[in-house]
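Here is how the chains run, residue by residue.
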Amino acid sequence: MQDALPAFVLSPEDVSRSAMNESPSTSPHETAPRPLTDEQLMLEFSKGSAAAFAELFSRYKQPLFGFFRWRLADPSPAEELTQETFLAILRASSRYLPRALFRTYLYAIAFKILRAHRRKAAFRATFLGNAPAHRDPAARDSADIAFLIRHAVAKLDATDREVLLLREFEQLSYAEIAEVLHLPVNTVRSRLFRARTALHDLLAAPARKRTATALAESEEHV
Amino acid sequence: MSTTTHPFGPEEVMALLDGELSQANAQAVSSHLEQCAECHAIADKLRGTSHSLTQWSVPAAPKTLEESVKRLAEKKLSGEKIGKPNIFVRATFWTWKQWTVGIGAMITVLLLFIVTRAPNRMMYSGSPQVAAKAPLAEQAVGTGSGNGRAVRELDVQPTDRVSSVFSSHAEPHTTTGSDSAADSNGLMQSSTEFAVSGSQTSPSDSPVDGREIGSLLPLQQPMIARTVSLSIVTKDFAASRASLDAMLARRHGYAAELSANTAENAPRSLQAALRIPAAELSSAVADLKSLGRIKNESQSGEDVTQQHADLLARLKNSRETEQRLQAILTQRTGKIKDVLEVEREIARVRGEIEAMEAEQKNLEHRVEFASVNLQLTEEYKASLNAPAASISTRIHNAMVAGFKGLAETILGILLFFLEAGPTLLVAALIFLAPAWVLWRRYRRAAASVSA
Numbered sequence: 022m023q024d025a026l027p028a029f030v031l032s033p034e035d036v037s038r039s040a041m042n043e044s045p046s047t048s049p050h051e052t053a054p055r056p057l058t059d060e061q062l063m064l065e066f067s068k069g070s071a072a073a074f075a076e077l078f079s080r081y082k083q084p085l086f087g088f089f090r091w092r093l094a095d096p097s098p099a100e101e102l103t104q105e106t107f108l109a110i111l112r113a114s115s116r117y118l119p120r121a122l123f124r125t126y127l128y129a130i131a132f133k134i135l136r137a138h139r140r141k142a143a144f145r146a147t148f149l150g151n152a153p154a155h156r157d158p159a160a161r162d163s164a165d166i167a168f169l170i171r172h173a174v175a176k177l178d179a180t181d182r183e184v185l186l187l188r189e190f191e192q193l194s195y196a197e198i199a200e201v202l203h204l205p206v207n208t209v210r211s212r213l214f215r216a217r218t219a220l221h222d223l224l225a226a227p228a229r230k231r232t233a234t235a236l237a238e239s240e241e242h243v
Numbered sequence: 371m372s373t374t375t376h377p378f379g380p381e382e383v384m385a386l387l388d389g390e391l392s393q394a395n396a397q398a399v400s401s402h403l404e405q406c407a408e409c410h411a412i413a414d415k416l417r418g419t420s421h422s423l424t425q426w427s428v429p430a431a432p433k434t435l436e437e438s439v440k441r442l443a444e445k446k447l448s449g450e451k452i453g454k455p456n457i458f459v460r461a462t463f464w465t466w467k468q469w470t471v472g473i474g475a476m477i478t479v480l481l482l483f484i485v486t487r488a489p490n491r492m493m494y495s496g497s498p499q500v501a502a503k504a505p506l507a508e509q510a511v512g513t514g515s516g517n518g519r520a521v522r523e524l525d526v527q528p529t530d531r532v533s534s535v536f537s538s539h540a541e542p543h544t545t546t547g548s549d550s551a552a553d554s555n556g557l558m559q560s561s562t563e564f565a566v567s568g569s570q571t572s573p574s575d576s577p578v579d580g581r582e583i584g585s586l587l588p589l590q591q592p593m594i595a596r597t598v599s600l601s602i603v604t605k606d607f608a609a610s611r612a613s614l615d616a617m618l619a620r621r622h623g624y625a626a627e628l629s630a631n632t633a634e635n636a637p638r639s640l641q642a643a644l645r646i647p648a649a650e651l652s653s654a655v656a657d658l659k660s661l662g663r664i665k666n667e668s669q670s671g672e673d674v675t676q677q678h679a680d681l682l683a684r685l686k687n688s689r690e691t692e693q694r695l696q697a698i699l700t701q702r703t704g705k706i707k708d709v710l711e712v713e714r715e716i717a718r719v720r721g722e723i724e725a726m727e728a729e730q731k732n733l734e735h736r737v738e739f740a741s742v743n744l745q746l747t748e749e750y751k752a753s754l755n756a757p758a759a760s761i762s763t764r765i766h767n768a769m770v771a772g773f774k775g776l777a778e779t780i781l782g783i784l785l786f787f788l789e790a791g792p793t794l795l796v797a798a799l800i801f802l803a804p805a806w807v808l809w810r811r812y813r814r815a816a817a818s819v820s821a
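Keeping their order, the protein sequence lines are chains Y and V.
All letters in the first sequence, in the order written, are residues 22 to 243 by the numbering used here.
All letters in the second sequence, in the order written, are residues 371 to 821 by the numbering used here.
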């Protein structure tokens, strides 16, 4: 994958969506002095540079917040979990070694925090009888396309869903997804294809039936 | 879509769209895509799915996040500790598998610790000096609980008492041992010694009562019944057997039980229960170890001091009872029925006394003579002279043995399930049903947490 082409054709709009592509370091037509990479910034921060961390934070604040928002039915813990991820980065900064891409490292931590949160929340709901998480009110009340997409994505197999979200929203390469999820690259590719095909089929189902089912199930959750 | 009509699979088309192909592959797939309507449709489908996902947006990160993270970064840069201790943070990231492995490892370490501690205790009791001290310490506590005066004495001067005990307890062993070495009838001598000590502490000679004698006596003369188990592999069985007999004669021991097995085409072996004078035990064990390679060794010591003291006290009481009954018989007059009643009682007490005396002798013998359980096995050397079975017979035998083994295994499994099946079924219903319900609730809750 070293000589792979840059992602180019999924959709022109998708490129602008990517936080990674918002980073000046990935822009090929930048005339200004080449900014530091994420890994260099992290090394600078480990030596005590506050500005380096501020830059890293500004690059990954929104992508990381989105990472949790896209994956949790209840939006309220997203901010706390984002903060927890940055806290983990801060704590581990002195031991940081640039053996992998920083964003792979970051999302691997975020993924662990997300999994721990899900486990704790599920445990509380199972044994302590806490009410299930409330879905985003805006999404629940509207039968718009975003809600239907969310509902369709929730129906995917858990690992397929993670692969799809990491590719579509975090824009990680297959190799990076493989590293974060501890899967072989070929498995990532086949799971991604399966997830995209399944999602397409779910979204292509008759709209009326889909809406009615989705709304009924959302009421059950409430 | 097959690779017979299409040179590339749909996943490669997707990889092209994702920019995951090398330049050469990308050009090939791209040119195929321009010509193939089917592949083009797949590409459109994938693009459409990807595009539809762009409509699922999330709001911007709140300002409070920036403030809180900046505060944390400042703390970190100023050298302050932030967050929870690392071990707790890491523990929350553990998966179920990691927790299972971790708990399993902890249990293994605990078991290993327990297992490795057990032989240490055995060795501890096997060492002559240390072994004698340990039961004494326990004895001092045990005696204290049974006798108020003894407790007070121990409370006032515990150090003196223990030190005097330590200095005196080694003495009887040495003395007895040397006596035994000089005179093979060590048992009788030892019995006499105990009888003398018993009479010295009789109520007529001492102001303390019988119960206290029983409690204090063990503190002066600890009695340890030693047992040693040895499993030895020897190269020369006949020579080892001769050495064993010589050692028994030299150490004034004897074989309480001995059985030898000299089967053909098999290693010869010998199993013996030896009785060795306690003072000679360490030398005798050293002699036995020189017979060959030690396969297994264990030593233990049972403290019978209290048991012996109790026995002496009971014996003394019974003797006194017997004397009183004899006095009644000689001094009083009465009906023939009463006389017979007294005689019956005397006979009963006499029986008890004899039983206790036998028990006392047995106990003292166990202390005086340590038990050595020896298993001597010869290193087997296959002989060419031995008639070997033919290959066909051996194959036949192996098949029969295999079939029997299989049948036994199947039968064993069947019997196990027939025997334990109902219990397992009930246990499964009791434990697995709620566990299954909880697991389903957990899965449902986990699904509801996710988007």
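It should be emphasised that the hints constitute simulated quantities derived from the structure, not laboratory data.
Be careful, since some hints might not be right.
[What the hints assert, rightly or not] Quick list of in silico lysine to any residue cross-link-like pairs, SDA-like style, CA-CA up to 20 Å:
| id | chain 1 | residue 1 | chain 2 | residue 2 |
| --- | --- | --- | --- | --- |
| 1 | V | LYS445 | Y | LEU122 |
| 2 | V | LYS433 | Y | LYS176 |
| 3 | Y | LYS176 | V | ARG810 |
| 4 | Y | LYS68 | Y | LEU122 |
| 5 | Y | LYS82 | V | PRO429 |
This one's a predicted model, so the numbers in the text were calculated from it and none came from an experiment.
Consistency of the hints with the structure:
no., hint, in the structure
1, V/LYS445 - Y/LEU122, "26 Å, violated"
2, V/LYS433 - Y/LYS176, "33 Å, violated"
3, Y/LYS176 - V/ARG810, "17 Å, holds"
4, Y/LYS68 - Y/LEU122, "19 Å, holds"
5, Y/LYS82 - V/PRO429, "12 Å, holds"
In summary, the structure is inconsistent with hints 1, 2 from the numbered list given earlier, while agreeing with the others.
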